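Engineer: Listed below, chain by chain, are the residues.
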Amino acid sequence: GAVVSQHPSWVICKSGTSVKIECRSLDFQATTMFWYRQFPKQSLMLMATSNEGSKATYEQGVEKDKFLINHASLTLSTLTVTSAHPEDSSFYICSARGQGEKLFFGSGTQLSVL
Amino acid sequence: DAKTTQPTSMDCAEGRAANLPCNHSTISGNEYVYWYRQIHSQGPQYIIHGLKNNETNEMASLIITEDRKSSTLILPHATLRDTAVYYCIVRVQYGGSQGNLIFGKGTKLSVKP
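Protein sequences appear in the order of chains R and E.
Positions in the first sequence are counted from 1; adding 38 to them yields the numbering used here.
Positions in the second sequence are counted from 1; adding 11 to them yields the numbering used here.
Among the hints, erroneous ones may be present.
Said to hold, decoys possible - Computed cross-link-like contacts, DSS-like style, restricted to lysine-lysine with a CA-CA straight-line distance of at most 27 Å:
no., chain 1, residue 1, chain 2, residue 2
1, R, K140, E, K80
2, R, K79, E, K123
3, R, K104, R, K58
4, R, K102, E, K116
Everything labelled a hint here was simulated from the structure, so no lab data went into it.
The model shown is predicted, which means the values in this text are computed figures rather than measured ones.
The task is simple: from the sequences and hints, build the whole structure.
Structural biologist: Take a look at the structure:
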């Protein structure tokens, strides 16, 4: 089946620094990728929709200047958490729409901001 | 908001069938029922989806009622590795540039020895 690779799996950073998370579709092209965030014991919440070659669409309440999304190719989308703070600590998950309209998910990135 | 209602948690004995119910009474005619599961600290995994006919694959079976207002995911022989949160999601299949999935709280299935 289709594979979505997400990197890194976990990251620890100091408050105020920026962190970049990569999401790659390994064996298919994805014009649309989605970024989710999940806090402990809660469900996944959609943050933004990433479209190749155009600006991302952010959900209400998600700061576009804080969570920078770049989808420069059909197989790569990146999420950069700028000036990260402890409240940004969360599990970030990307997904890509593959053949047959199934969504395939990355393995997630656990971000811990000290 | 999610359009589905699922029990918060369920237990199942290893080797037995796990039947996970889902209510989606407001489902529209063009919306499919999707099931995903999330094992702890991993990304969600696709299981199965269907429109109105029952579906079966190597992982599970999906039974959709005739009025499409509810469905049941069946894991025929649950193993300890099936312990996860199971999400039932309704969505139009061709969602255009969106097509994202809206996750509810899901059902935490615990498979016990």
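Engineer: All hints, please: hold or fail.
Structural biologist: Hint check results:
no.: 1; hint: K140/R to K80/E; result: 22 Å, holds
no.: 2; hint: K79/R to K123/E; result: 21 Å, holds
no.: 3; hint: K104/R to K58/R; result: 12 Å, holds
no.: 4; hint: K102/R to K116/E; result: 26 Å, holds
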